[in-house]
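Taken in sequence, the protein lines are chains U and C. Residues 1 to 543 in the working numbering are what the first sequence spells out, letter by letter. Residues 1 to 137 in the working numbering are what the second sequence spells out, letter by letter.
Quick caveat, the hints were computed from the structure, so don't treat them as lab data. Just so it is clear, CB atoms sit at the ideal spot from N, CA and C, and this is done for glycine as well. Errors might be hidden in some of the hints.
Said to hold, decoys possible - Covered, in the sense of this in silico footprint (three residues per stretch, anywhere, with C-beta under 8 Å from a C-beta of chain U), are these stretches of chain C:
no., stretch
1, 15–24
2, 50–63
3, 117–123
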Amino acid sequence: MYQYDQYDQAMVDARVAEFADQVKRRLSGDMTEDQFKPLRLMNGLYLQLHAYMLRVAIPYGTLSSKQMHMLAHIARKYDRDYGHFTTRQNLQFNWIKLDDTPEILTDLASVEMHAIQTSGNCIRNISSDQFAGAAADEITDPRPWAELLRQWSSFHPEFSYLPRKFKICVIAAQEDRAAMRLHDIGIQIIEKDGVHGAAVYAGGGMGRTPMIAPLIKEFVPLEDLLSYLEACLRVYNRYGRRDNMYKARIKILIHEIGADSYRAQVEEEFAQVKALGIDPPRAEFDRIAAFFAMPDLDANASDDLDLSHKDFALWVGQNVAKHKAAGHAIVTISLKPIEGIPGDATSAQMDLMADLALQYSHDELRITHAQNVVLPHVRKADLFAVWEKLVAAGLATPNLDLITDMIACPGLDYCSLANARSIPVAQKIADRFADLDRQRDLGELKLKISGCINACGHHHAGHIGILGVDKKGKENYQLSFGGSGAQDVSIANITGPGFDEDGVVDAIERATDKYLAERRDGERFIDTYRRIGMAPFKEAIYG
Amino acid sequence: MVDQLNHTTDTPIVSMDEFLSESNAIAVRIEPGEDARLLLPHLDRLTLVEVAFPKFRDGRGFSSARILREAGFTGTLRAQGDVLIDQLSHMKRCGFDAFAPDVPLNPDHAATALATWPEYYQTAADKAVPIWKLRHG
């Protein structure tokens, strides 16, 4: 894992001191709420329905056991003993007092953490593949690239007042586990003539106008990457729309002028920017990359695994993925128990996951955009011990990528933007499909729920998506099918008129019944949908 | 730097349209939607460029400033309008060396804000040596 040197630490400490001063000026009335708002947002502090929410950055979703313990400590001391892992691989605390925030940020800084740029119209936390460094299908670990971008984008003087927020994702595997092409900029590290470089996609996103990012540049070599991204951002900063916040994302700019025109402008800007010498030398990348070297894995670890315990075997089959090293595996801890709230973890659960990481996973944890937690480097011989401890903590639900492994935003229970509640709908669906055999029969089925059109719950990218809207003062849920955030990326289509809370659960059941009746060998829900189209599903639901 | 915090000038400042059509003015004002690159052929006769910030949230002026400095503009670069204390550091890094805020800035607060960062991660339009260079010499 990356470790701060004196420069990184000094930057975060400076930010804590600056924010403490800003909070002081706000509390004394020297600053208006309107002036304070963009400043607190750049420190991850939102004002929600009931309290302040603090969003802590987990860069590219990687953290150590010490950091996870600190999150547990903050949950206990300043919040209501839990936190919410988000689709941006971050963590949100929902019940924070403004006066406590300088102290919380000081606590975070003591373990090399912060809330910098987790909101505001700036470059947000860089997201990545939760299996980075461990995945059998990656060409390299994408995190050194992501860390390079983290540093470049932190307190960027030109790009802190962009038209709108800006999200960058970096992956380096064949399978896209991070919804790369649904980001403002998506980067896939590829190999060309034996050299790694970045394929740059731009203009993807969800929100009220979902779009899949087109390829802007096939291959940007490492030594040009920051100049190229600087050019991408500058074109956006100058020409992105500022007249309407709903049309201010880069996807609208690229959609309106076209990818070719955007690419040409970026090239022109790049020619200027490249001459400025803003790209760090290879030695800086190598310095960063050294922190992400594969941990010292047990070279003699055995691939044998005793699967005679039925529940353990189920969990291994569903939640354990192939590691690039023999005798090891990647464990995904589901934060989607049937009665729970998707993505929530108590401080005790965070402590336990941290302890497991220290003991069994070379002190590393990952957060996934699907709101689960990963132990990336576990010996197969230790899987049973890990599983037993997870079972005892209510963290061994074997439902990864099944219908109850839902993404859900906090919705109207917390969020001031929401039009409808997400959590109760998620719980009703989980309840309806609680039977594990039934879930397993339905197979991979990514269900995603957003409580408003801003789409934090990724409903456009769900095999089944649900969008909560307000219809004449009543919560109404629109259903859509056919979205995907993976390498088969697609945007979901709306089925038709919306439903009330119970109605949408019934409709999903009718749709999954239809899938079971229609599917051919090996087809997932989304494959059947793509083959037969919406009409049969529509008839099943509304007919 | 802080001396230029509430900068005034007697030089007449003309709009981009005026400047580009006929004037022999030596000071010009760029609005957020205007293209700073149109000034590049004329940089040698400009002593002051004022970049307008009608709303602090509109960050286009940061790019305008850098484009001018990157092209070698050495005159006064002034940020005018809804300029806030907490933006000074970024503005300075983008090349601004004078400020004409709508609401006068408190010099003590400004000095504190400008001293926030010990170092910087990126190369920008100021003279600061980026952290990566400090690491590798």
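Right, here's what the structure says about each hint:
no. : hint    : result
1   : 15–24   : violated (count 0)
2   : 50–63   : holds (count 7)
3   : 117–123 : holds (count 7)
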